[in-house]
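> Okay, here's what each chain looks like letter by letter:
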Amino acid sequence: MSVVYSFFSGWVDRSGASIGGRLPGYLMALMGVVAMMVLAASPAHADVPNAVPPKGEHQGKHVEQPIEFPHDIHANVNKINCMYCHTYARRSKVAGIPPTSKCMGCHMVIATDKPRIKKLTEYWEKREPPRWKKVHDVPDFVHFTHEKHLKRFVFDNQGMEVEKVSEVCAFCHGEVKKMTVAEKVKPLNMGFCARCHEANKGPFDCWKCHK
Amino acid sequence: MSGNNVNRRDFLKILGWGGVGVAVAGCDRPTTVTLEEGKEEVVAYLQPEEYVIPGVGVWFASTCQQCPAGCGVHGRVREGRVLKMEGNPDSPINYGKLCQMGQAGLQGHYNPDRLKKPLLRKGGALTEVSWEEAMAQLDQKVGIASGLNGERFAWFTGTVSGHQSVLLSAHLASMGSKNHFVHEVINDAVVRAVNQDMLGEAAPRYLLDQAKVVLSFGADFVGAGASPVYFANSYAKFRTATPRGVLIQVEPKMTLTGGSADLWVAIRPGTEGVLALGIANYLTTNGVDASGLPESLRALISGYGPDKVSKITGVSADRVARIAALLKDRSPSLVLAGASAEGHAHGYQSVAAITLLNILLGNVGKTIVPSGASQFPQMEAKPGNTRDLLAFANAAEQKALDVVFFHGANPVYTAPAALGLAEKIKNIPFKVAFSCFPDETAMSADLVLPILSAHEDWGTHMGVYQPEQKSISIQQPLMEPIYPDSKGFGDLLLVMLKARKVTGFDGFEDYYAYLKSAFAALPASVKGDAVSDEDFWGKTLQKGIVKVATVGGSLSTKAIEINLPEFKEDSSRPYHLVPSARLGMWDGRHANLPWLQEAPDQISKVVWTSWVEVHPQTAAKLGVKEGDFIKVASEHGAVEAQVYIYKGVHPDVIAVPMGQGHEEYGRYAKGRGVNPLKVLAPATDAKTGELALYATRVTATHAGRRELLVKLMGNETQLGRKMVATVKAEVFNRTEGGKDVA
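Residue numbers (our numbering), protein chains in the order written: chain A, 1 to 211; chain D, 212 to 953.
Derived from the structure by calculation, the hints contain no laboratory data.
Ideal Cβ positions, reconstructed from N, Cα and C, are used throughout, including at glycine.
Take the hints with a grain of salt, since some may be wrong.
Heads up, simulated DMTMM-like pairs for lysine to aspartate or glutamate below, C-alpha to C-alpha not over 20 Å straight-line [said to hold, decoys possible]:
hint, chain 1, residue 1, chain 2, residue 2
1, A, K102, A, D156
2, A, K134, D, D529
3, A, K119, D, E720
Covered by chain A, according to a simulated footprint, are these stretches of chain D (three or more residues, beta-carbon under 8 Å) [to be verified]:
hint, stretch
4, 252-262
5, 265-279
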């Protein structure tokens, strides 16, 4: 039986039946104020309906990558959908770094004179994918799946336009379309995950993430 | 608390919330395990296969190579790594199931002690060399220009089958030699010989699920047997049938099968044949028609009356009568013989007496039916034995061999010390080991060629026991080779065949090309609904199994003369040594797999080491407690290991498990426990020449030191916790028909 705490009825199980006493009044009041402060600080997100974006910041560092890949040119200037390159995100637990063949699909003909593309072409001709540095990760004991999150916030989300998927990606990855190479700007720790799950009524059992 | 308004209940609640607050705050702290940005690399595919989705596993069919049973497997592959094995449901051997050894195959594949480069003995020590140098050395010794006389060349392997066997035979023929030694310690060679002589087929099909009673003389069919997963499946059907099948196991040391039996009977080692004749005596004197048997056999049976049998075997006359009555009343039954009946100088005779029971009880044709041969006899498994080990040791001693190739067998480890094999093979000037691991045989070879693991290589296999549906099981790589400097066994065979200028192999670039062409050449009847050769090959790889036709297959019943010796006790060496085998360590080949070292022995629950199993009475006589080191000495050597006291051994028996005591074989196996095979007497079965594994007499003495014996279960009792439910005998008799059992 999964048990959640409701502000209004104390501890309840999933069927909504109250299974325990309520907190003393003064604690309830205190928590109410905290909740209001939290809500006031987070207006409903304009572009993603039925979602409360997670809160939390992280001062990520700039990671030197083999190629200074410009997410801004791709996602912001040229408005390429995130899932065009990170095509595994909706099918798998990992979003996947696009295979080199995908890059070359366009860059055989586009911007071939640019230094970064020349470097990419070198990799391609050597038949060697670039060795990217990992920026976003969760520990091995955490089961995180992109597929389920995209299902909840994009594909099964009434009123959500797939074209705006980058707003959902931004929940955890920040505004990547304003960056060149990705930087970690969200903490991606348990508090961050748990608060979002609470706000968006995500699954809250331990084993959902710690399988 | 009484001084303010917070009552005890509220206080506990606040305390509780305080705890949660701390926990939530803890969650927000950056943890040490969260990976720091930019520390790890993530490499994308250059150009992925269409079906590849990172994070999603794809299952490929292959064949398990952990024992000769040849179970079909599926391997889960993700991001180019094989991560999990399961049984292939299309396999007519294991029907989608897999044992612990199959699961642990992954640890052989990812083993840190795998050989990475060819090794050549230079000035006494094995030194890493390039493949060019290794192959040049090989060509110098066995190439056409070497002038090697064919009969002085030999292959020494474990069980081989499929196209590897075909190529190996072709290579042997190209060398002009017939010397192929096939060695397995865990084998059923004596039973096969008896079956061939009495039933007309070496490995008939046993319909365990049709039998109402199974009487097994040491046949560990669900454990260390010919095809454990196949028989486990049959056994499950036998036990869930109505009425439920009854299993009686007679053996000197409880095996996994014995542990599952309804009635386990301890018997004095070597007297299994006497018990069988005692049962035959009861049957013939209680109305079972023996008129079909020759006069001499009837006379022999009448000589084994209850008192004599009870005296020799140590099984009470009453119990013999009750077992015999059960067999007579519940037909059809099935009587099986296994390692503990086979492993004596008169093993063949004992097994013949046991097989005679099947004839008397009319089981042949009911629970023992023909199995036939496959339509491709050249691909059938060559079952291993110990006779070839002895023949090989003899050939080495006679200096009859110049070059020997080893593959899939580790005779330096498995040979009893009394054979002196480690010394004798020094007479062979050039020994080549095709191996994944630095085992004892590889380390005493002159050239070691690192081969691909079973999960990286191509091959085809036929299980050593295929009673129901003959099939070829495909072995395909589940991932790219971990060590680029290792080569496929089939590829190497092909290279050697080309070097010997054997016609018909030039066109094949590698073993894959050969296999693909061989499958295209199979007759249309095998190819089913495939529309083209390419389609058939694709379907074969997808399914993993190609079913082939059975030819022949008929059983006869021929009673042969049985000649059991007088049984003598040996007061100077009062105990019988049982080198017990189990599903897990097997013959020692799995000692380098930590999962199997960690998996407790099914009977003693001991992990990671050897132990000596003794009966409580014997332990009292020797004055030893669990954990005491005990010295078990035969005429040919001694081993020392810790005592484990258990009622599942005959009081005259000292059981030491096989599998440990490696002197080489990597970090997990080396220097751990003892190898009971080393102290065996080199006695053989008089008829078949098989090594008599259970015929060694030993003394046992306290070695004067003790240590905690590490086992999973610290206690033999449930301490009243009712972890395993029990019923009283009278309840069992009333509800389960138990009164018929014992």
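> All the hints need checking, so say for each whether the structure fits it.
Outcome of the hint check:
1. Restraint check for K102 of chain A and D156 of chain A: the C-alpha separation of about 28 Å exceeds 20 Å, so the hint is violated.
2. Straight-line distance between C-alpha atoms of K134 of chain A and D529 of chain D comes to about 74 Å, which puts the hinted pair past the 20 Å bound.
3. Distance hint between K119 of chain A and E720 of chain D is unfulfilled; the C-alpha atoms sit about 36 Å from each other, more than 20 Å.
4. Proximity of the stretch 252-262 of chain D to chain A, defined as three or more residues with a beta carbon under 8 Å from a beta carbon of that chain, is established by the 8 residues found.
5. With a cut-off of 8 Å between beta carbons, the stretch 265-279 of chain D has 3 residues touching chain A; three or more are needed, and the interface restraint holds.
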